[in-house]
Every structure is written in C-alpha cells, then in structure tokens.
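Asks: So the chains spell out like this:
Protein chains: 2
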Amino acid sequence: MRIAVLGLGLIGGSLLRALTAAGHQVTGYDADPVTRQLAGAAGSVREAVRDTDVVFLAVPLPALPDLLPDLDGYRGLISDVTSVKGPVAALMAGRRFVGGHPMAGKEHSGFGSSDPLLFRDQPWVLCLDPETDLADWRTMVDLLGGLRARIIPATSAEHDAAVARISHVPHLVASAIAASAAEPGVLALAAGSFRDGTRVASTAPALVAAMCSGNAAAVRPVLDELIAALGAARAALDDRGGLIDWLGKGHEVRRRWPLRATPAGKIPTDREGLLELGRQGHSVT
Amino acid sequence: MRIAVLGLGLIGGSLLRALTAAGHQVTGYDADPVTRQLAGAAGSVREAVRDTDVVFLAVPLPALPDLLPDLDGYRGLISDVTSVKGPVAALMAGRRFVGGHPMAGKEHSGFGSSDPLLFRDQPWVLCLDPETDLADWRTMVDLLGGLRARIIPATSAEHDAAVARISHVPHLVASAIAASAAEPGVLALAAGSFRDGTRVASTAPALVAAMCSGNAAAVRPVLDELIAALGAARAALDDRGGLIDWLGKGHEVRRRWPLRATPAGKIPTDREGLLELGRQGHSVT
Numbered sequence: 001m002r003i004a005v006l007g008l009g010l011i012g013g014s015l016l017r018a019l020t021a022a023g024h025q026v027t028g029y030d031a032d033p034v035t036r037q038l039a040g041a042a043g044s045v046r047e048a049v050r051d052t053d054v055v056f057l058a059v060p061l062p063a064l065p066d067l068l069p070d071l072d073g074y075r076g077l078i079s080d081v082t083s084v085k086g087p088v089a090a091l092m093a094g095r096r097f098v099g100g101h102p103m104a105g106k107e108h109s110g111f112g113s114s115d116p117l118l119f120r121d122q123p124w125v126l127c128l129d130p131e132t133d134l135a136d137w138r139t140m141v142d143l144l145g146g147l148r149a150r151i152i153p154a155t156s157a158e159h160d161a162a163v164a165r166i167s168h169v170p171h172l173v174a175s176a177i178a179a180s181a182a183e184p185g186v187l188a189l190a191a192g193s194f195r196d197g198t199r200v201a202s203t204a205p206a207l208v209a210a211m212c213s214g215n216a217a218a219v220r221p222v223l224d225e226l227i228a229a230l231g232a233a234r235a236a237l238d239d240r241g242g243l244i245d246w247l248g249k250g251h252e253v254r255r256r257w258p259l260r261a262t263p264a265g266k267i268p269t270d271r272e273g274l275l276e277l278g279r280q281g282h283s284v285t
Numbered sequence: 001m002r003i004a005v006l007g008l009g010l011i012g013g014s015l016l017r018a019l020t021a022a023g024h025q026v027t028g029y030d031a032d033p034v035t036r037q038l039a040g041a042a043g044s045v046r047e048a049v050r051d052t053d054v055v056f057l058a059v060p061l062p063a064l065p066d067l068l069p070d071l072d073g074y075r076g077l078i079s080d081v082t083s084v085k086g087p088v089a090a091l092m093a094g095r096r097f098v099g100g101h102p103m104a105g106k107e108h109s110g111f112g113s114s115d116p117l118l119f120r121d122q123p124w125v126l127c128l129d130p131e132t133d134l135a136d137w138r139t140m141v142d143l144l145g146g147l148r149a150r151i152i153p154a155t156s157a158e159h160d161a162a163v164a165r166i167s168h169v170p171h172l173v174a175s176a177i178a179a180s181a182a183e184p185g186v187l188a189l190a191a192g193s194f195r196d197g198t199r200v201a202s203t204a205p206a207l208v209a210a211m212c213s214g215n216a217a218a219v220r221p222v223l224d225e226l227i228a229a230l231g232a233a234r235a236a237l238d239d240r241g242g243l244i245d246w247l248g249k250g251h252e253v254r255r256r257w258p259l260r261a262t263p264a265g266k267i268p269t270d271r272e273g274l275l276e277l278g279r280q281g282h283s284v285t
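Sequences listed follow chains A and B, in order. 163 is the number that the UniProt record's numbering gives to position 163 of the first sequence; each next residue is one higher, with no gaps. 164 is the number that the UniProt record's numbering gives to position 164 of the second sequence; each next residue is one higher, with no gaps.
Derived by calculation from the structure, the hints in this document are not laboratory data. Where hints are given, some of them may not hold.
Partial selection, computed: residues in chain A whose CB lies under 7 Å from chain B [unchecked claim]:
#	residue
1	53
2	165
3	173
4	175
5	186
6	191
7	198
8	208
9	211
10	216
11	223
12	235
13	237
14	248
15	255
16	257
We treat Cβ as the ideally placed atom computed from N, Cα and C, and that holds for glycine.
Full structure from sequences and hints, please.
Replies: Put into structure tokens, the structure is as follows:
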C-alpha cells in the first residue's frame, strides 16, 4: 500500500519504519525540518499524502486541527494514533476515518527513539463507532495486523473510559500522593511503595494535563468512583475483616495482570460481535 | 553489648546478623523451631534475654502482647522494629523502651532472606517521645549507628503520620486503582502507569489491612486529604492551566526524591532540637 505518516515522533517514526519494513511504500512529514531530514520525509503535508491510500495522523491532539485543511479533498483512508478517541472522532466528522490508539510507548520521545518493532505483540485499539465504515475498519485491521499488533475493537467511548482507568486517573493519583509527602522529614522515609506509586508524577505536568483535560468527560466518573472507593476504605479502617474484603478485589485484579489481549477463536463479521470480543479482552489478529 | 533479638524473620534475622558482625554478643529467639535451629537461637524468650543489655522485639504487631509477660522484670532497654509506633508505645507504657522502625525491606521474608547489610545507609526512625529517656535514646543511636543506619529522630505520632503518607495510603490507592480496571477489555489495555501504580496491590490483603488498621488514626486524615486533592483535580479538569498548576506540586516533590536522610552538621543535645533535625530530613549519624 501507499501510506503517509504525518508527525514523526516516537510513535509516528516507529510506524513509518514498521510499515516500510512490512513492504509498504511510505512517505512521512514532520513540522520539524531536522526530523524531516533525519527521516527522509517529504517537504509538506500535501506532498506526503499525494497518491496515498492511507494517512496516519501521528501529531499530538492540540496540533491535529491545523493539519486538517491540508487533507481537504483527500480520498484515502485517514487513521490516527492519538490517546483520546472521542474528541478526535468529533474533529474528523465527515471524513473517511478509522480512529486508532497503539498501547505502546517508551520513556524517550522523538524520531531518534523510534523502533520498527515497537508495536509487535502490543494492543492497538481500532475504533468501531456507528459511523465507522466496516470495510475501512477491516482494511486497517489487515494493515496493522501485518505489523503483528494485537488489534482490539472498541467504541471511542469505551476506549476513552478504559484509558481514564488505566492511565489518566493513575497519573492524577500519583501526583496527589507525591504532593502529600512534601515535608522533608516525610519524604526522607519514602521507599518502594512510594517509588512505584508515584513514578508517573515525574511526567511533565503539561503532558498529563493535556491528556486528562482532553479526556475530561471520561476521567470525571472514574475519579468519582475512586473517591467513593477510598471513602469505603476509610470507613473500613476500624474493621480489619472488612478492610481485607475491600482489598481483595484490587488484589485479585492485579494478580490477573498482565492480561495479554489473546487472539479470538472465531472472528465475528458483525459490528456488535467484534465489539463484544474486545470487551472480553480479545484481539482480532 | 549483650543483645537479644526476639523474632527472626527478615528484619529480626538481619538485625541479629548485623549486630553479631558488629562485634556484639547476640542471642535470638523465634517461635518457629526450624528458624531457631537455622539461627542457632535460644529455646525460650527468657533464656534469650537473660543477662542482656538490650532486647529488640522483631515480631509482627499482633504477636507483641503475647511476648510481654516474659519480659516482666527485665531490667535492660527494650526496642522494636514494628512499622506502627503509637500503638506499640501504648503497649510498652511503664517499661524502659525506645521505639524504632528501620525503613528497609525486601520482596522476600523469613530468616533465609536475612542480610547483615540490610540496614546500611537506610533510614531508621528512633522515636523520641516525651516519655522516652534521652540517655536510653542515645544508647540506641550509638548501637544502630554502628550498623551504619541513618538514624532519624521523630515522635511516634510523626512517624505514624509519615508512613501513612508514604506507604499505607499508597497501598490502599493501588488496590482501588486495580479494582477499577477489573473488566477484561480494560485490563487488556493496561501498560506502564498501571503496572507501577498498582504494584503493591499484589501484597497480601491481610498484611495491608493489618498495617492500615493498626495505623487507622494516622491513615484517616491522610485519606481525607487525598480525597480532597482528587476533588480539586476533578474541578480543574476543564481548566488545563489550573490542572497544570495542580500537577506541579506532586511533580516537584517526585523530582526531589529519592531524598536521602543526610547527616546533620552539628547535632543538638536537646529533645526539640533533635526532633527538628528529623523534620528537616536529617539523620543524627
């Protein structure tokens, strides 16, 4: 296939390299001239997407709207790798679009950290919303399945609720716990549970704020649920048996993890069947 | 010195070995006959503590009260290594006692995992409460300083508030976050921030419940503070700048950590001066 990747940071750069290695004819573009030169990329968006079948938007969410005018009139299929799916789907209304989100990352960012094997065996959510064309969705499954990613069907809303639980709220909590240990006499005593529980508090606040604000509608109810759960733990503090019960659920879930998305047996052909498969933690590849 | 260590698990066993290596004459006792044999320990508490100057209680908090009758009439100095200090201080009222808590541990427990270097360069809180005898406290500083632990003065209440912040509440939060990701379609997407943020949810619920319930009076206000902080984050979700500010404090604290307890310059001789030094994150050795 002829494919363009717009935005050549860690994810876009890795995608460009993985698709090239898989035998596709891939062009790239990045706003940064040094990255363009490093990646052998095209000089403009219009030049990069000319005559391609698929374009991946791999820029951060705030940069997406500025890209869209250059895609007016584009006839191919558009996908993206943004970590919030509902707001992107709204931006893309009226275009031929399948939203996606590879659940892969690294400590370091930028094209220099890119890795053509970054997506192998990792989950990649492909959104199957009521307005998603099923044939286009299958095209993307074949394309990304060819990189050996584990494709997981979900609606945009399901995806956004899931990342609120597994990533956005944990980032907020890590920051709150770190903030509560500000006194030097407290911080000097901190050890393993503090180290791990607060690791992601070292992420740049602007990045965390962008992802949490961008997903506010999904983050809010998960925060409410967490606050209620902590209230229940508080109420059980004087009842050791009750507290053991309260702790049991999280303990059981954590021991089931890592739960790899496992390939489904028979792949259904209908939308609801595919979504149900994703809800069970299965991939379609 | 002649020293007894009662309870020869990871901490007690390491302490027995560290004190022996430091040239002290050390006897041990453990309720488990196999551990006694492994450690060359005495056959009873009374035999272990006979003619010793110091005894360390290194059994779990629930087992402490059963040990005490065998220490009736003991003339030496009693210390402990229990992770909650207020309740232990209450149990020890009327005895010659200096409470302590080495902030060191390992994934594995039991005498077989013990390590004579476990405490080296690690913080060891020694409680300086109004009822603590200052000469006894200094004896403990010299003894444990000889193991090259970093001795940090704190009141029992200060210690218990600090461990609520850096350990007990983080354990509760890890469990709540894990529990909120129970659905397979959610859990299959979880990656790094979930892995680290929930690691301690795999600790046995009975252990976590014992430490949180045992420190309920200190855990409760820290939970209240955390719930209020998460409510503030929720209110800032639609205000990216406000959320960046909210995230800034935890980010700054996390980047200061690990904050090693640093030796103080001039060691004060008075109680309040020593406590103030601990509050600044300094050690007295």
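Asks: A separate judgement is required for each hint: does it hold in the structure or not?
Replies: Going through the hints against the structure:
1. 53: violated, 28 Å
2. 165: holds, 5 Å
3. 173: holds, 6 Å
4. 175: holds, 3 Å
5. 186: holds, 4 Å
6. 191: holds, 6 Å
7. 198: Given a least distance of 5 Å, the restraint on residue 198 of chain A holds.
8. 208: This interface hint holds because 5 Å falls under the 7 Å limit.
9. 211: violated, 10 Å
10. 216: holds, 4 Å
11. 223: holds, 5 Å
12. 235: Result: violated, 10 Å to nearest chain B Cβ.
13. 237: Holds. Min distance 4 Å.
14. 248: holds, 5 Å
15. 255: Because about 6 Å separates residue 255 of chain A from the closest Cβ in chain B, which is inside the 7 Å limit, the hint holds.
16. 257: holds, 6 Å
Violated hints, in rising order: 1, 9 and 12; the structure is consistent with all others.
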